[in-house]
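**Student:** The chain contents come next:
Protein chains: 4
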Amino acid sequence: MASPPTVDPEVFYSKLPAFHVEPLWRARGLMRPAPGREAVGCVWRYDEVRRLLLESGDVVTAAEADRRVLMLLNPGLDGAAAATANLYAGLQLVLPGEVAPKHRHAAAAIRFIVEGDGAYTAVDGEKSVMRPGDLVLTPNWTWHDHGNESDGPMIWLDGLDIPLVNKLDVPFFESPGEDRQLLTRPDDASARHWAQGRLRPLWEGDWQRRYSPVVNYPWTVTERVLRDAAADTDGTPHDGVVFRYTNPVDGGHVLPTLGCAVQLLKAGFRGAAHRHTSAAVYHVVRGNGATIVDGARLTWGPGDTFAVPGWAVHEHAAGDEEAILFSFTDEPVLESLDLLRTAPADRQEA
Amino acid sequence: MASPPTVDPEVFYSKLPAFHVEPLWRARGLMRPAPGREAVGCVWRYDEVRRLLLESGDVVTAAEADRRVLMLLNPGLDGAAAATANLYAGLQLVLPGEVAPKHRHAAAAIRFIVEGDGAYTAVDGEKSVMRPGDLVLTPNWTWHDHGNESDGPMIWLDGLDIPLVNKLDVPFFESPGEDRQLLTRPDDASARHWAQGRLRPLWEGDWQRRYSPVVNYPWTVTERVLRDAAADTDGTPHDGVVFRYTNPVDGGHVLPTLGCAVQLLKAGFRGAAHRHTSAAVYHVVRGNGATIVDGARLTWGPGDTFAVPGWAVHEHAAGDEEAILFSFTDEPVLESLDLLRTAPADRQEA
Amino acid sequence: MASPPTVDPEVFYSKLPAFHVEPLWRARGLMRPAPGREAVGCVWRYDEVRRLLLESGDVVTAAEADRRVLMLLNPGLDGAAAATANLYAGLQLVLPGEVAPKHRHAAAAIRFIVEGDGAYTAVDGEKSVMRPGDLVLTPNWTWHDHGNESDGPMIWLDGLDIPLVNKLDVPFFESPGEDRQLLTRPDDASARHWAQGRLRPLWEGDWQRRYSPVVNYPWTVTERVLRDAAADTDGTPHDGVVFRYTNPVDGGHVLPTLGCAVQLLKAGFRGAAHRHTSAAVYHVVRGNGATIVDGARLTWGPGDTFAVPGWAVHEHAAGDEEAILFSFTDEPVLESLDLLRTAPADRQEA
Amino acid sequence: MASPPTVDPEVFYSKLPAFHVEPLWRARGLMRPAPGREAVGCVWRYDEVRRLLLESGDVVTAAEADRRVLMLLNPGLDGAAAATANLYAGLQLVLPGEVAPKHRHAAAAIRFIVEGDGAYTAVDGEKSVMRPGDLVLTPNWTWHDHGNESDGPMIWLDGLDIPLVNKLDVPFFESPGEDRQLLTRPDDASARHWAQGRLRPLWEGDWQRRYSPVVNYPWTVTERVLRDAAADTDGTPHDGVVFRYTNPVDGGHVLPTLGCAVQLLKAGFRGAAHRHTSAAVYHVVRGNGATIVDGARLTWGPGDTFAVPGWAVHEHAAGDEEAILFSFTDEPVLESLDLLRTAPADRQEA
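Protein chains in written order, with full-length UniProt numbering: chain L, 1 to 350; chain E, 1 to 350; chain C, 1 to 350; chain V, 1 to 350.
A few of these clues could be false.
As the list claims (entries may be wrong) - DSSO-like cross-link-like pairs, simulated, lysine-lysine; straight-line CA separation at most 30 Å: (1) K15(C) - K167(E); (2) K167(V) - K15(L); (3) K266(L) - K102(E); (4) K167(C) - K15(E); (5) K127(V) - K127(C); (6) K127(L) - K127(E); (7) K127(E) - K102(E); (8) K167(L) - K167(V); (9) K266(C) - K167(V).
As the list claims (entries may be wrong) - Over the 10 Å line for every Cβ pair with chain L, so calculated as not near, a few chain E residues: (10) E10; (11) Y13; (12) A65; (13) G197; (14) R198; (15) R224; (16) D232; (17) G235; (18) D239; (19) R244; (20) T246; (21) P248; (22) D250; (23) G251; (24) H276; (25) D320.
Said to hold, decoys possible - Some chain V residues close to chain L (C-beta under 7 Å, calculated; not the full set): (26) G76; (27) D78; (28) A80; (29) P101; (30) P132; (31) E335; (32) T342; (33) A345; (34) D346.
Hints listed in this document are in silico derivations from the structure and should not be mistaken for laboratory results. Even for Gly, the Cβ is constructed at its ideal location relative to N, Cα and C.
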């Protein structure tokens, strides 16, 4: 079977590039046995990033910066603008009086408000004033603009699918040079009209789009629901009392490419270990704790952001008081493409 | 063409029954040009039915009656136990200490609580205490039982799809002779866990059933959502500020055969006229007003129940104060079967 | 508990009709423990009905009859125009030169061609010439007309959901007084373009309707598929080598209210017994056999039609040669409404 | 507003890497205005690649090569194993007696047979013998193996979503070291049982998976359907008489990540220009023609493979005889993620 080659391999291989072909049998890394997981578990401390962010106010003006954001870069991804393989995260500062002009892009975004009170986002004709803990959606290709009409700084976590959109090579971006879009609906109309996902406002008519009609999921509601449920259940072994934010029209994820969740870990909670191909970026709303990711212990406290890459074994633990975590994930992408896979794992030492 | 028949028609027709065939050309009413609409618009006054209901407490015991319900019969349907062609409605009285034993049936039911406080319904292992304005579901073939543990009478509106289930000839009923089912979940767990339809409790796992997982949609929430929306919008031309109750899992109707809605008509509201093949039974939660149905003016006030048959031209009007109407409908049935049809209509004189 | 009533029951009950209410506790038959099954298993012999049908050509002209159809009436349904609770069946004769003028109705129809060659049905702008074994759809509210341009009689089985549509009280019918509709597509275009359900003709664009875009499912294809599969499998225990006709757009039933199937029972096949809430009307394409329905043995041969009511225990058996049965059913209705239920059963003696 | 920075920017920027953050305002290329389209339109000539492929039989044995495949590399993608941003294509040679042992991977694959007769693919327990023009699916994570039991060489086009799966970092691969999997179904059972997508084989039961149950879509059927339709229509302005291969269970794409189509361009066909974010790899089954891609004219003939990248303006033209093209695409991916966008374009000069 292993008779010597009758053609000089080197001669053969040297001919191939001219024809734009290459042998599969020399492309050793092409079909990998498991995710490469270059991304690693990591934490961005809020006090550190916040300090740098405020300092950046003295480095560039908002107008110069266009967006005053510090992107959170996963140390394993070699400088790529990504917190995990497919997810982008950044902390954005908007100072009083600053404006992010009207624009839209193929990348979808979520914002989770960290501090400040009084900045707004306008999306598709509706303006929403944001408060800490609010989740604000700016879906794929919707016009949006931001501004801070309060007298204090505003900081929020940006979550986008930029790495995904760029890797798929389907980016689009438009910025028509107007500060603000025309408002065509009452402020926060969607939050009020769809206030109760179980009651559908029929005057809103059919909703044919693929994303949630709700601009702002306010924290006041989220927290009440979390607390009521926590009085009643311990939730899941891995994630405690955990809710997925949903699109009330169909009960699915809020966006086709980004999912969001919020979870309460009771004091002393020690979660079971598992892994799944989806990755997540977490933001600590309240409490202290630690997450062991592939054997490395990440401790976290209020305001911190941390990343759990896809297929990393992980387990969460709360400290002596309850903790609340917000997270966003690429789970909807992997679900849609039938590439979501989950596996249990042994408890880790760390 | 119209040559005289060569066979004696009477001889021919007389032969047919033996073969279980009949000529289509003699079945004149078979294919009708439009709904026959035997059901008519009608109102059941709450003070009258309530008085009879309380009186019935002296006629039969709950044990004798099994269910102390006065069925609301549409005057056009010739004594059938139906408020419209496909919908059953009844007012049920449960006196202190009375119990409706555990049972289940193919007919699906909704309850809308009219007065009293402290009676319960248990459904599939979960008990819910009911208060006025609450909507309670007992879906097709779920075990349920009721009881009144308070010290006052409890009255609710029963809405079922009995006429539909019987006409399709698919009834089933089981009553194992036990007063109460085993409770396997905390009281009102579903209402709390799915409290906010926009947040999905992930510890509840997949939900493969065709009906809403929520047992009780409490009035406190419904009223707040109605009021908030009314501050903001006039809603639809026909129905004012109207919400459909939905299944939070998929955003659809609460049950495959019954839909529910609640609407606020602002003071002085005068709705546009239209008609649709679906019928509805309305319960007046608050306020006074009138609904013109096929030219007949039905006035209504608090606690009254009224029926609008399928394909009847109708328009609602509120009096000098706002009115709130709850309703249930066979719209999901007609939607599923592609038999839902809607048409505008001219304003009626009445 | 059983203290004597303090109100005279007869006085009480006599007051109720004036208020359009009746006591549930006196409506004994309202909630039945199981389907009442007034419909019975029964066979209509083709030679008998065919003879009567041809004879009817001498009784009335097509113009007088509008449709020369002998309806197949279930002996248990007391003269109702129904073969089972929800299904209508009829055998239609169209003589050379006769025409059934353009019309449409809310009831949906299927036709299964029994004999003759050269009559046509036109549906929504497309004309299809029909041959024995072809299945032709005329969905809810589509314009259709028929005619016989051949020189021989044409007989087909009509299957409709008339009982359902009438019971739901949503009939509509229009007949504008024109013999033929305008043809806007090539003859049999849908059968050719969607010839292979696995290949979707993209020039047909989106298909938003709820029914199959295919007008005619020709027998030449059906028979080949049946035969090929039969070389390979015995199919299911109850129904042998059985295929459901599907809507190629979504893989579902051909119509929202009527399902169709075709099955090959190999020589000597003896099917297992079961029952389900859906009913079916069968047409014998080929072969002899028997179906035991609730203990009664129905023997059948080529051209015969027989009915199996909902919830009737039934089992099929083929004779010494293979048999092929076409059937239509109300299964899609019960599925949509979550009222489809199936149960195994013991083999019956008959 | 543009006051000079009060912090030395260079000092500031040099601090950031230690905290794993970077300023968004210096990441200029992150949000691009439109797809970068590094991939270019290109053709791989069949006679050239075929010659190299046969020559490779003398360079390595199948055992050494594991898979004797020449990957088709898009010249614009800098050596990446990709024909377009998200699609992998290769031409595979299997010599008589050679075997590709049992394995499975997260990447999904389609094969389109180019020449030879008698090699097989086995998928999930079913073996299929492949002939020119057949489309064979090996969905995500299904066990499969190939072998050539004929006495001639076999060449097919491999289409996979490897670039997508690797970019999302969700690869998996298993190869248990067995040449062949156990066959649990008759050869080509799925092709026969689902032969006619409009007829569903009920004995196959529910199908819960996300991909088509059909292993082989044989050319004999495809060609007949193409030819019949071409007698009847010119199809679409852009693609002529074009069919999408579908999953007969739900009418959707054959795989969640790969779509397939086949189109007949009549002699002299000159297609309209347009573009869409999805890319495609085409294989010329028959005929000669040219496709203008972003202004560059790609001529093609029998057996050639060519790529049209996402968002490239393109238009097809057939020569003096009809042409038939097979293609596979990432359209299902972009559809699922709501990132599919289409735009008309002006006719190009080339």
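**Student:** It remains to establish, for every hint, whether it holds in the given structure.
**Tutor:** Verification of the supplied hints:
| no. | hint | result |
| --- | --- | --- |
| 1 | K15(C) - K167(E) | 29 Å, holds |
| 2 | K167(V) - K15(L) | 29 Å, holds |
| 3 | K266(L) - K102(E) | 37 Å, violated |
| 4 | K167(C) - K15(E) | 29 Å, holds |
| 5 | K127(V) - K127(C) | 41 Å, violated |
| 6 | K127(L) - K127(E) | 41 Å, violated |
| 7 | K127(E) - K102(E) | 12 Å, holds |
| 8 | K167(L) - K167(V) | 7 Å, holds |
| 9 | K266(C) - K167(V) | 52 Å, violated |
| 10 | E10 | 57 Å, holds |
| 11 | Y13 | 52 Å, holds |
| 12 | A65 | 34 Å, holds |
| 13 | G197 | 3 Å, violated |
| 14 | R198 | 3 Å, violated |
| 15 | R224 | 8 Å, violated |
| 16 | D232 | 5 Å, violated |
| 17 | G235 | 4 Å, violated |
| 18 | D239 | 7 Å, violated |
| 19 | R244 | 5 Å, violated |
| 20 | T246 | 5 Å, violated |
| 21 | P248 | 5 Å, violated |
| 22 | D250 | 5 Å, violated |
| 23 | G251 | 5 Å, violated |
| 24 | H276 | 13 Å, holds |
| 25 | D320 | 23 Å, holds |
| 26 | G76 | 10 Å, violated |
| 27 | D78 | 12 Å, violated |
| 28 | A80 | 10 Å, violated |
| 29 | P101 | 14 Å, violated |
| 30 | P132 | 21 Å, violated |
| 31 | E335 | 9 Å, violated |
| 32 | T342 | 12 Å, violated |
| 33 | A345 | 16 Å, violated |
| 34 | D346 | 20 Å, violated |
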